[in-house]
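K.L.:
Spelled out, the chains give:
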Amino acid sequence: DAGVIQSPRHEVTEMGQEVTLRCKPISGHNSLFWYRQTMMRGLELLIYFNNNVPIDDSGMPEDRFSAKMPNASFSTLKIQPSEPRDSAVYFCASRTGGLSYEQYFGPGTRLTVT
Amino acid sequence: KQEVTQIPAALSVPEGENLVLNCSFTDSAIYNLQWFRQDPGKGLTSLLLIQSSQREQTSGRLNASLDKSSGRSTLYIAASQPGDSATYLCAVPSGNTGKLIFGQGTTLQVKP
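Line order of the protein sequences matches chains A and B.
If you read the first sequence in my numbering, its first letter stands for residue 2, the second for the next number, and so on.
If you read the second sequence in my numbering, its first letter stands for residue 18, the second for the next number, and so on.
None of these hints come from the bench; they were simulated from the model.
Hints may be right or wrong, so weigh each one.
The list that follows gives simulated cross-link-like pairs (lysine-lysine, DSBU-like), each with its CA atoms no further than 30 Å apart [to be verified]:
| # | chain 1 | residue 1 | chain 2 | residue 2 |
| --- | --- | --- | --- | --- |
| 1 | A | K79 | B | K59 |
| 2 | A | K69 | B | K128 |
| 3 | A | K79 | B | K18 |
| 4 | B | K128 | B | K18 |
| 5 | A | K79 | A | K25 |
| 6 | B | K59 | A | K25 |
| 7 | A | K69 | B | K18 |
| 8 | B | K59 | B | K18 |
| 9 | A | K79 | A | K69 |
| 10 | B | K85 | B | K18 |
| 11 | A | K69 | A | K25 |
Please model the entire structure based on the sequences and the hints provided.
P.N.:
In structure tokens, the structure reads:
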């Protein structure tokens, strides 16, 4: 398996622009997580999907952030409009089964908003 | 609320040394604990997963132990090599979703 795939790997955009990050989980995994990593706050969960349904979005910072999972093999995280404080590395992770199972992380998308 | 702490924040050792990285968590009701490695500018690579019923897990030169009652885990690296230089993160699943709560990491430098 190719592992969790994320695109783009790097994104540089200007403040106010829309940004869309993409994730393809490992085939057969039914749970998908979006995390954000910053120097100040470390790694934090943004949103969790189970069987394509958003279950926990309490980590989404504000209404500018939205996430979708239209099918089991694809998810997007959108920021509109983007702000400089959104600059971070965004990771997607997937898991099969329940809470006792391992999470596998993608390579991340490094977002820079100028 | 689960909190995860890693000590030390940074560690520099000469090649060949055996070393221990520490991870502590406040809520002992965990399903498992996962250790990750992160190279600069890269993603997270899962190293070891210890289930709550296990005391330790081994993979090559790495050995992770888990003591749920005291809220601690250690990652032991034997015969360290320069290629082991990276940031090591521990994480535990929390809540009904199993979202991972991460420590801030230990940045390891192994000098040749």
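K.L.:
Against this structure, judge whether each hint is valid.
P.N.:
Each hint tested on the structure:
At most 30 Å may separate the alpha-carbon atoms for a hinted pair to count; A/K79 and B/K59 meet this at roughly 22 Å. Proposed proximity of A/K69 and B/K128 is contradicted: the alpha carbons are some 45 Å apart, above 30 Å. Straight-line distance between C-alpha atoms of A/K79 and B/K18 comes to about 28 Å, which keeps the hinted pair within the 30 Å bound. For the hint pairing B/K128 with B/K18, the CA-to-CA distance comes to about 38 Å; that exceeds 30 Å, so the pair is violated.
For a cut-off of 30 Å, the pair hint linking A/K79 to A/K25 stands: about 15 Å separates their Cα positions. A distance of roughly 18 Å separates the Cα atoms of B/K59 and A/K25; the hinted pair therefore holds under the 30 Å criterion. For a cut-off of 30 Å, the pair hint linking A/K69 to B/K18 stands: about 27 Å separates their Cα positions. At most 30 Å may separate the alpha-carbon atoms for a hinted pair to count; B/K59 and B/K18 meet this at roughly 29 Å.
Among the hinted pairs, A/K79 with A/K69 is consistent with the structure: their alpha-carbon atoms are about 9 Å apart, no more than 30 Å. For the hint pairing B/K85 with B/K18, the CA-to-CA distance comes to about 16 Å; that is within 30 Å, so the pair holds. At roughly 12 Å between alpha-carbon atoms, A/K69 and A/K25 fall within 30 Å of each other, so this suggested pair holds.
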